[in-house]
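Using the hints provided, position chain Z relative to the given structure of chain P.
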Amino acid sequence: MTKRLMTGLLAASYLLVVPLTTIAQEAAPRRAPEISQQSVAREKKNAAEAAEWNKIPAPQDPRDFSGVWWTRGYDRTFRPITDPRLSPAEAARLLPMTPNEAASRQHHLDMEKLGTPVADAPTQCFPHGVPRLIASPYPIQFVYSPGMITILHEVAHNVRYIHMDRKPAPADTPRTFLGYSVGRWEGNTLVVFTDHFNDRTQIDEESLSHGLKLTVTERISKFTNKYGGVELRNLITIEDPDHYTQPWTAERLFPWRGDIRLSEYSCEENNRNAPVNGVTVAK
Amino acid sequence: MTLWAIGGLTALAGVALPGPLPAAAAARDGGAPLFEQPPTGTPNLTGKWAMLEAITHLLTADGKEPPLNAAGKAEYARRQAALQAGNRKIDPTSDCIMQGTPRLLYAPHPFLILQTTRSVNFIHEVNHTFRIIYWDETLPDDPDPNYLGYSIARFEGSTLVIDTSGFNDKTWLDYSGLPHGEKLKLQERYTLSGPNTINGAATLTDPDYYTAPWTTRFTLNRQPGMSLGENVCMDTHQM
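Chains as they are written, first to last, in our numbering: chain P, 1 to 283; chain Z, 1 to 239.
Isolated chain Z (complex conformation):
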């Protein structure tokens, strides 16, 4: 808790958290030394976060509908019609498969960002889904498509930038059913705008269903007092 506050304050001041942890701080953590530290000179996003605003339908940064092409409009209309007719089974998460990114971020559950020497890890309460994202690598040329895609992370100034591709086409972008194909490229940008707030943006490029790349924005808030519970979709069928 104290460490998060320190991390936030130093991030504000643009100063890195010092590498070796003081002995006193280690003792406060039950004696667990902190071997894993964020890369030198970067803000520390480690902590518990949640999106407090319920976003069920993504809009562009200027509040407009995403630029669906003809195929995108047709697929979206098909899903919307099914949902409005009460057919929940059309939503792939009704079978508890992974939400995919960026939809994971919009689930009404807190998540951890754990920034370490080699990777930044997103660990979501919802259906205990995690992403391990290594720093400064290149994306594979021809990956096997999967739900969460393949991600790489870097800092651009004080902004954490995560690029992802290699998605399968089995997930929705949001709860309303915005579609995407396997060509989707996602760029997430996380900027601390205060010790306890992240300004987030997701830019989506998918020529199969959209006429142009588009960006949607979100805000994350620190939840230091919140515990992550055990959420098992196959048991509760709730995501």
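One chain only, chain P, in its complex shape:
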């Protein structure tokens, strides 16, 4: 969303600059018509895209997410959502970080500037962790079966099991990269609670960390956008008192993609990002 907002702002500033140049060079100002032509083109593109993506239509039942979804673009960060929307930099200032987390985040940013980012779990072909996996720019597929909803991720063949027929994880549940997830329906919203994470993954790709106390609550619901496209909205609430002073909620949208399928993804073959001494170096 923030990325799309940014794209919108860039487009707007482009429109402001380009027509002014045009005015300087030509006698007749044509600024207003160009804006409307641009926005008409954009509307047309969005509508054409929705039609293409609906080639195989999304399931009609509001609780049926089965099929393929693919987030737009590539946003390496999770940020608190606000109303109205803020720029990514402004939203970053709202992150309720503990002093230690703020220092850790700065370390991540510094190491990346040096060209040696701190090694993130996926660079070692480990499962991405949650919510880190939700930010990955690859398609996903929901599969429903008795007592369980399975989410298949193209990226590094990650698999998440959402247990619909179980109570939250018993105390002796092993800690894992993707944690232990239980789900329930609140109306037409799938609420997924995940805990029992290990502490070897990040919150987002850019800079945010978590510890063993992390719990993640996802609220996933389906809606139809104004172009007739269908999307899943995932509101992701992150709680970890060792890293954040209060729970905070980020958002990701996943348009329905009836036009594509998941491909085979091998991270393990010739892993170009394999870290050395805990940092990733460009190869």
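There may be inaccurate statements among the hints.
[Claimed, not checked] Okay, derived cross-link-like pairs now, EDC-like style, lysine to aspartate or glutamate, Cα gap no bigger than 16 angstroms in a straight line: (1) Z:K185 <-> Z:D163; (2) Z:K170 <-> P:D195; (3) Z:K170 <-> Z:D141; (4) Z:K48 <-> Z:E65; (5) P:K213 <-> P:D172; (6) Z:K89 <-> P:D172; (7) Z:K73 <-> Z:D174; (8) P:K167 <-> P:E205; (9) Z:K170 <-> Z:E65; (10) Z:K170 <-> P:D172; (11) Z:K170 <-> P:E264; (12) Z:K73 <-> Z:D95; (13) Z:K89 <-> P:D195; (14) Z:K185 <-> Z:D235; (15) Z:K185 <-> Z:E230.
FYI, nobody ran anything at the bench for these hints, they're computed from the structure. Bear in mind the structure is a predicted one, so any value in this text is a computation, not a measurement.
Chain Z alone, transformed into the frame defined by chain P:
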């Protein structure tokens, strides 16, 4: 659990599981409606399965060695010699790359078969490897080779039939090192022989390494009480 039993029993009786799920059954599943159902009139293989017998070396259906040709014998002998000399690195799975099919089935880990409206999905615990196989399609003419190949599924009577081609040649067929090339064509056949048992067969056709097509058999057992854990080869280096 109850649903699996019902699925198995109806499969035995040759009757399809009814399409819409009764409200009571939906409630038992934590309120998750079951939108995805197997195609009408087919047995339901959905559930957790495992191969209880440890098969490390594939034999033909009548218990003989597979019909390796000269190239196949040479490559197999090379791998066997390396393994016997303790060189585990010769096995491609020591680098955690995908086992490929059919070797995935022989890994000592349970897996899910999730049969849905559009596809049948095999989700393996071992290194969280999955196959999404669509019904009644045609295989691509000239696919980019990959580890798991390209698969299509259909029912022949009550037997689930999966045809796969488009493999790369980087995987072994079994733990002992039986080779295959990119021309490999695999047909898997899964038949419920009882509510909790599948009679399986894999027919392999690969002119690069074998003199004739050959078939190997296996049995799968339902494991309703078993949970699939998180198995990460790059972390443990175990497959």
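Results of checking the hints against the structure:
Only pairs whose Cα atoms come within 16 angstroms are accepted, and K185 (chain Z) paired with D163 (chain Z) is accepted, the gap being roughly 7 angstroms. About 37 angstroms separates the Cα atoms of K170 (chain Z) and D195 (chain P), which puts this hinted pair outside 16 angstroms; it is violated. For a cut-off of 16 angstroms, the pair hint linking K170 (chain Z) to D141 (chain Z) is broken: about 21 angstroms separates their Cα positions. Straight-line distance between C-alpha atoms of K48 (chain Z) and E65 (chain Z) comes to about 30 angstroms, which puts the hinted pair past the 16 angstroms bound.
With a C-alpha separation of about 15 angstroms, the suggested pairing of K213 (chain P) with D172 (chain P) holds against the 16 angstroms cut-off. For the hint pairing K89 (chain Z) with D172 (chain P), the CA-to-CA distance comes to about 35 angstroms; that exceeds 16 angstroms, so the pair is violated. Taking the CA atoms of K73 (chain Z) and D174 (chain Z), the gap is about 15 angstroms. The hint holds against a cut of 16 angstroms. Distance hint between K167 (chain P) and E205 (chain P) is unfulfilled; the C-alpha atoms sit about 30 angstroms from each other, more than 16 angstroms.
Straight-line distance between C-alpha atoms of K170 (chain Z) and E65 (chain Z) comes to about 22 angstroms, which puts the hinted pair past the 16 angstroms bound. Taking the CA atoms of K170 (chain Z) and D172 (chain P), the gap is about 39 angstroms. The hint is violated against a cut of 16 angstroms. With a C-alpha separation of about 15 angstroms, the suggested pairing of K170 (chain Z) with E264 (chain P) holds against the 16 angstroms cut-off. In summary, the hint linking K73 (chain Z) to D95 (chain Z) is not supported, as the alpha carbons are separated by about 24 angstroms, beyond the 16 angstroms threshold.
For a cut-off of 16 angstroms, the pair hint linking K89 (chain Z) to D195 (chain P) is broken: about 36 angstroms separates their Cα positions. Between the alpha carbons of K185 (chain Z) and D235 (chain Z) the distance comes to roughly 32 angstroms, so the proposed pair goes past 16 angstroms and is violated. For the hint linking K185 (chain Z) to E230 (chain Z), the alpha-carbon distance of about 31 angstroms lies beyond 16 angstroms, and the restraint is violated.
Hints 2, 3, 4, 6, 8, 9, 10, 12, 13, 14 and 15, counting from the list given before, are not met by this structure.
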